[in-house]
Every structure is written in C-alpha cells, then in structure tokens.
Amino acid sequence: MSENVIELIKVNKVYDMGAEVQVQALRDIDLTIKRGEYVAIMGPSGSGKTTLMNILGCLDTPTSGKYMFDGVDVSDMDDNELAKIRNQGIGFVFQTFNLIPRSDALHNVELPLIYSGVPASDRKDRAKKTLEMVGLGDRVHHKPNELSGGQRQRVAIARALINNPSIMLADEPTGNLDSKTGDEIMLFFEELHEKGNTIILVTHEEYIAEHSRRIIRIKDGMIESDLPLEKNGKVHAAHMAEKVPG
Amino acid sequence: MTFASEFKEGLKLSAAALLANKVRAVLTMLGIIIGIVSVTLMSAAITGLNNAFNNSISAIGADVLYVQKWPWMDTGDQWWKFRSRKDIKPEYADKIAQEATLAAAVAPTVGRMGTIKYRDKTANNVQVAGTTADYAYVTQMSYDEGRFFTEEESRGDRPLAVMGSDVANQLFPNSDPIGKTIKINGLSFRVIGVRSKLGNFMGMFSLDNIVIIPLGQFEDIFGTHFYATINVRAVSKVQMENTKEELRGIMRKIRGLAPWQEDDFSINQQDMLTQAFDQITRYIYDAGIFVTALSLLVGGIGIMNIMFVSVTERTKEIGIRKALGARRRTILTQFLIEGILICLGGGIIGLGLSYPLSMIVDKLLPTSMPVSIAVMAIMISLIVGVVSGLAPAFRASKLDPVEALRYE
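Quick note, the sequences are listed as chains A and B, same order.
Residues in the first sequence are numbered consecutively from 111, following my numbering.
Residues in the second sequence are numbered consecutively from 49, following my numbering.
Please keep in mind that the hints were generated in silico from the structure rather than gathered at the bench.
One or more hints might be untrue.
Unchecked claim - Partner residues are not named here, just some residues of chain B that face chain A (Cβ under 8 Å, in silico):
{"#": "1", "residue": "A68"}
{"#": "2", "residue": "R72"}
{"#": "3", "residue": "A371"}
Claimed, not checked - Now the in silico label distances, taken between C-beta atoms and shown as ranges:
{"#": "4", "chain 1": "B", "residue 1": "K60", "chain 2": "A", "residue 2": "H314", "range": "35 to 41 Å"}
{"#": "5", "chain 1": "A", "residue 1": "D235", "chain 2": "B", "residue 2": "N98", "range": "42 to 48 Å"}
{"#": "6", "chain 1": "B", "residue 1": "A439", "chain 2": "A", "residue 2": "R323", "range": "24 to 30 Å"}
{"#": "7", "chain 1": "B", "residue 1": "A68", "chain 2": "A", "residue 2": "I119", "range": "57 to 63 Å"}
{"#": "8", "chain 1": "A", "residue 1": "D235", "chain 2": "B", "residue 2": "Y333", "range": "35 to 41 Å"}
What the hints assert, rightly or not - No more than 30 Å apart at the CA atoms, straight line, and that leaves these computed lysine-lysine pairs for BS3-like:
{"#": "9", "chain 1": "A", "residue 1": "K176", "chain 2": "A", "residue 2": "K239"}
{"#": "10", "chain 1": "A", "residue 1": "K239", "chain 2": "B", "residue 2": "K364"}
{"#": "11", "chain 1": "B", "residue 1": "K70", "chain 2": "A", "residue 2": "K234"}
Bear in mind that the values here come from a model prediction, so they are computed numbers and not experimental data.
Glycine included, every Cβ here is placed at the ideal spot set by N, Cα and C.
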C-alpha cells in the first residue's frame with residue numbers, strides 16, 4: 111500500500127459539446143492526497159469541482175493525464191474495471207442520499223457487498239453491524255421513506271463504509287439536511303477521520319469545509335489554492351463570528 | 049461476482065420490481081398470455097385432430113383398397129358422371145379373388161340401417177352389413193368374444209350374426225350374447241361373435257354400431273339393389289400400387305370397358321383421406337401460426353416498450369448501482385431477467401388458461417394437450433422474453449453513471 115491514496119498528474123478533462131465546441135473543465139490538475147487525510151474540495155458552480163469529484167470517484171476518466179488510485183493507474187480503465195475500483199475502493203455519500211427507494215436500510219447497505227460477491231449470510235451480518243455503528247440498529251428494516259433525512263444520510267454513510275473503502279467521497283453531504291442534523295453528520299465524519307478513514311468532502315459551504323484539515327479551492331478548472339486548515343484562519347474567524355449568536 | 053449469484057440477485061431484484069408494479073406487469077403480460085393461449089390451443093386442437101384421425105383411419109386399413117362407385121375425394125363438380133356409373137355388384141368379389149395375384153383377401157360389403165331386437169330390448173338405426181367370410185381377413189378383425197362366420201356358413205347363407213361392441217352392450221348389458229337369437233328387421237339370427245371396439249370415426253359416428261351378417265341373408269332382408277363396396281386387401285403395403293393397377297385391369301375387364309373408355313368405378317384407399325386431412329390440418333396450422341406469431345410479436349413489442357419505460361424510470365437507480373460497483377453485465381442480467389420473468393409469467397398464466405379452454409374447445413373439436421405443448425409454450429415465452437428484453441437491458445447496462453446519477 112502506498113502512502114498516497116490519490117495522485118493526479120496533469121489531469122485534463124475536456125467535454126465535447128458538439129459542433130466543435132469544447133469545454134475544458136479541468137486544466138493540468140496535480141493533486142496528491144495521503145492516506146488518513148480529511149480534505150475539502152471547494153469551488154463555485156462551474157468551477158470544475160463536480161468534474162474533479164467524478165474523476166476522483168472513478169465515475170469518469172480524464173481526457174489526458176494520469177490518475178493513480180491506491181498506487182494503481184486507473185486513467186485508462188474500462189467500465190468494468192472502474193466498477194470494481196468504485197465497489198472496493200470508494201465509498202460515496204451523496205447530497206440526495208441516493209438510496210434505492212424500494213429496498214429497506216439493510217438491503218441498501220449490503221448492495222456494495224452484493225456486487226463484490228460476498229455470500230448472503232455474511233453480507234447481512236456485516237450490513238447489520240455497520241447500521242448499528244451509525245446508530246440505526248433499530249431501523250434495519252425501514253425503507254428510505256420511513257426514515258428522516260439524517261437517518262437516510264446515515265444509511266448512506268453505512269453503505270459507503272461497508273466495504274472498508276480507501277476513500278470516502280462525500281458530495282455536499284449536508285446539503286439536504288437542516289443545520290442541526292448536518293452538524294450531527296459532520297460530527298460523525300470527524301469520528302470517522304479520527305478512526306483513520308480518508309475523507310474527501312466536496313462542498314461550497316465554508317463552515318462545512320472547515321471541518322476538514324485541508325481545503326482545496328478550484329476555480330476555472332484549476333487549483334486556486336491548497337492549504338491546511340490553519341492557514342485559512344481568516345475565513346475561519348469570520349465564519350465563527352458570523353455563527354456566534356448575539 | 050459469479051454468474052450464479054448475479055442471476056440470483058437479478059432474480060430477486062426483478063421479482064421485487066415486478067411486484068412493486070403488479071398492474072403494469074399483468075397488463076404487459078397480456079399480449080404474451082394471448083399468444084401462448086392461442087399457440088397452445090391451436091397445437092392442442094391439431095394434436096387432438098391428428099390423434100382422432102389416426103385412430104379413425106386405422107379402421108380403414110392402410111393396405112386395403114375399396115372398389116366403389118364414388119370416389120372419396122371428389123376432384124371437381126363431376127358428380128353427375130359418378131352418379132351415372134353402373135352400380136358395383138357384390139359378385140365382382142369372386143371374380144377379383146380368382147384373377148388377382150396381389151390380393152390377399154377380397155370381400156364385398158353392402159350396408160343399410162336396420163332395427164335389431166333381443167327380447168324386450170331394441171336397437172334402432174344400426175348399420176346392418178352383408179358380407180362374406182373373407183371380410184374377417186380383409187379387415188383383420190379381432191373379437192371380444194366368439195368368431196366370424198366360416199366359408200361354408202357364408203356360402204350357405206346361414207342366419208348368423210357378428211355384432212359390433214355398441215350393439216352388444218345395448219342389447220346384452222348384463223349377459224353373454226353368444227348363442228342368443230336376435231331379430232334383424234323381424235328375421236332371426238344367432239349371435240356367434242362380438243367384434244372388438246373400433247371407436248368413433250372423427251367423433252362423427254360410432255364404428256361399433258353394426259351387425260354383420262352373410263351377404264345372402266342381407267339380400268333376403270333388404271333386396272339386391274344396393275351398390276356394394278369390394279374390399280381388397282393387398283398382399284403387402286409395398287405392393288399397394290401394383291395391386292391397385294392389377295385391380296383396375298380386372299375391374300375394367302369385368303365392366304367390359306374399351307381401351308379408350310374412362311374407368312367407371314373408383315378405387316379408394318386410406319392415403320386419399322390422409323392427404324386430404326394433412327392438407328386441412330396444414331391450413332389450420334398455417335393460420336394458427338400466423339395468428340400466434342402476430343400476437344407474440346405484439347406482446348413482445350409491448351414488453352420491450354414497457355422495459356424501455358422501466359429503464360428510463362430507474363435511470364437514477366441504475367446510476368446508484370453503478371456507482372456502488374455494479375458492472376454492465378450485472379445490470380444487463382437484472383433487466384433481462386425482468387423481461388424473461390414477465391414473459392414466463394405470461395406463459396404460465398397462458399398455459400393455465402388454455403387447459404380449461406381446451407376442455408371447451410374439445411366439445412367442438414377433439415383436443416389433446418401433451419407435455420410437449422406445455423414445454424413448447426414455456427420455451428416460446430422464454431425466447432420472447434430474451435428477445436424483447438435484450439435491447440432495453442442493453443441500454444440500461446450502457447448508461448453513463450455520471451449522467452444517470454444526475455437524472456431526476
């Protein structure tokens with residue numbers, strides 16, 4: 111296992127919009143994320159933040175450049191190989207939770223294990239344990255529409271964690287939650303980070319990004335800044351002042 | 049992920065998806081149900097017709113030629129020509145028997161409806177047949193009881209009778225008919241044999257509603273002005289054509305026909321019926337295949353359509369599954385199984401419906417539903433499922449996860 115979970119070398123992404131119109135979403139991105147880091151990727155809409163997340167999540171491949179995931183070059187992998195990387199290396203947490211509506215919490219959590227071919231009994235055990243870990247031991251057979259937003263996101267987190275992925279990729283995980291529930295989720299991420307999980311947080315909210323230890327700002331498809339949290343002090347202080355009541 | 053576990057998961061997911069949308073699933077199945085019902089019923093009717101025909105036709109005998117005034121299959125509107133032919137006389141049989149080298153047995157038959165009585169019991173509208181001893185050899189007759197009349201008994205026109213099983217059952221429900229005296233149109237006959245059951249002819253009339261008596265006795269009761277059939281058994285099936293040619297020559301001689309004159313008699317044989325029957329069943333079959341193919345096509349298109357809708361509806365779900373590591377094959381399998389399940393479901397429901405329906409059809413046409421038809425119906429629905437599920441399943445498997453996840 112290499113120390114670097116993610117290594118992007120001169121990654122470009124160009125979208126063909128037809129009629130010879132091309133949009134360059136990412137320009138020569140160089141980025142390294144080490145195991146155990148807690149990183150936030152920030153940027154306004156249209157900045158290339160989502161494209162970067164899709165590439166980091168192996169949902170998409172770069173037009174040029176190299177992407178080493180866990181020491182393996184994934185830049186030229188085909189659909190099925192990428193599916194395997196996503197299945198075993200990446201845990202996704204989405205803004206809209208993205209649970210399968212017809213299935214109960216248990217089935218939603220065990221999905222990644224189904225695709226890795228884990229036998230049913232083993233699967234159910236692990237899914238139950240993971241649900242207990244996120245505090246939903248008593249909601250195992252509830253369907254998504256029988257759960258609150260916070261509970262749904264915790265099911266999604268359990269699903270992201272079940273295969274012990276190398277990274278957890280969270281895209282605006284609190285975007286659909288009220289601030290109290292959002293804080294709970296962020297607290298949970300903190301715990302996961304302390305346990306040694308690598309977390310990549312994609313957000314446009316400063317106060318969410320400030321839960322991380324390193325903030326990467328994207329603008330016009332390029333990395334504008336990449337600083338540890340302490341050096342973001344100014345913004346942090348301003349944010350805190352805003353938050354403190356009275 | 050192995051194919052077996054992929055299949056199992058696909059099965060669970062598809063079943064759940066179908067159960068979540070029961071009404072739609074059943075409506076989609078409707079086309080297949082109709083298709084399968086029509087294919088099964090048609091096959092059942094044809095199989096039934098074939099069975100009935102083969103049973104019936106065996107009574108006619110594949111190696112027997114029938115010299116008659118009328119051909120069995122009219123080839124045109126020439127009925128007046130056949131009608132003006134001279135009658136076939138029973139006496140021809142002796143002459144044919146003497147001259148034919150390829151005939152194993154020759155017997156004339158004449159027939160008329162009569163009334164049979166035994167004590168207080170009466171059987172009306174029974175076929176009374178007059179013939180000679182050789183008739184037993186021509187038809188290779190077998191008996192439930194007793195025997196046929198002998199050469200001497202036949203030539204001596206003794207008052208003896210051999211009954212078909214229907215008549216025997218009607219007149220002698222609880223007793224042994226052998227040795228009993230019955231009355232045919234008022235004249236007394238001693239029963240010497242009961243012929244084994246031959247069954248129905250195409251479900252139209254019974255071949256066992258018959259009493260067979262010596263030719264002379266028949267003429268005593270009904271007179272001589274009935275045209276006869278000369279039944280000729282060929283020495284072997286292989287020699288049928290030669291026997292027929294020889295028979296034709298002998299008949300022309302008997303009739304005194306000049307070389308330029310047409311035959312004024314017909315030589316009928318089982319083949320003619322078989323051919324005609326085959327033609328009829330082919331028509332039914334072709335029409336049936338057309339209707340069935342059409343309904344299966346419409347059903348298949350319906351399923352494909354619904355599957356496309358289902359794929360579009362579940363775009364987001366497919367995106368989620370892909371993000372979580374589902375491979376193309378996994379998604380393909382899942383949707384293909386869904387299509388197959390719809391069709392198999394339709395096939396099974398269709399089979400379930402056709403069984404009682406075939407009972408109703410059986411009142412009009414003989415039907416028979418062997419296991420092979422059920423197997424065929426299931427195979428057809430399986431194939432329709434694969435064919436109509438393939439394109440939607442392929443589209444689902446090819447969805448781009450990024451696009452699919454963005455879909456609302």
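Each hint tested on the structure:
1. A68: At about 6 Å, which falls below the 8 Å cut-off, the nearest Cβ of chain A leaves the hint on A68 of chain B intact, so it holds.
2. R72: Nearest chain A Cβ about 14 Å off; hint violated.
3. A371: holds, 5 Å
4. B:K60 / A:H314: 35 to 41 Å: About 39 Å separates the Cβ atoms of K60 of chain B and H314 of chain A, which means 35 to 41 Å holds.
5. A:D235 / B:N98: 42 to 48 Å: violated, 59 Å
6. B:A439 / A:R323: 24 to 30 Å: 49 Å Cβ-Cβ, so the 24 to 30 Å window is violated.
7. B:A68 / A:I119: 57 to 63 Å: violated, 46 Å
8. A:D235 / B:Y333: 35 to 41 Å: Given a distance of about 58 Å, which is not inside 35 to 41 Å, the answer is violated.
9. A:K176 / A:K239: Given pair K176 of chain A, K239 of chain A is violated - Cα atoms ~37 Å apart, limit 30 Å.
10. A:K239 / B:K364: Holds, at about 27 Å.
11. B:K70 / A:K234: Roughly 28 Å between the alpha carbons, so the hint for K70 of chain B and K234 of chain A holds.
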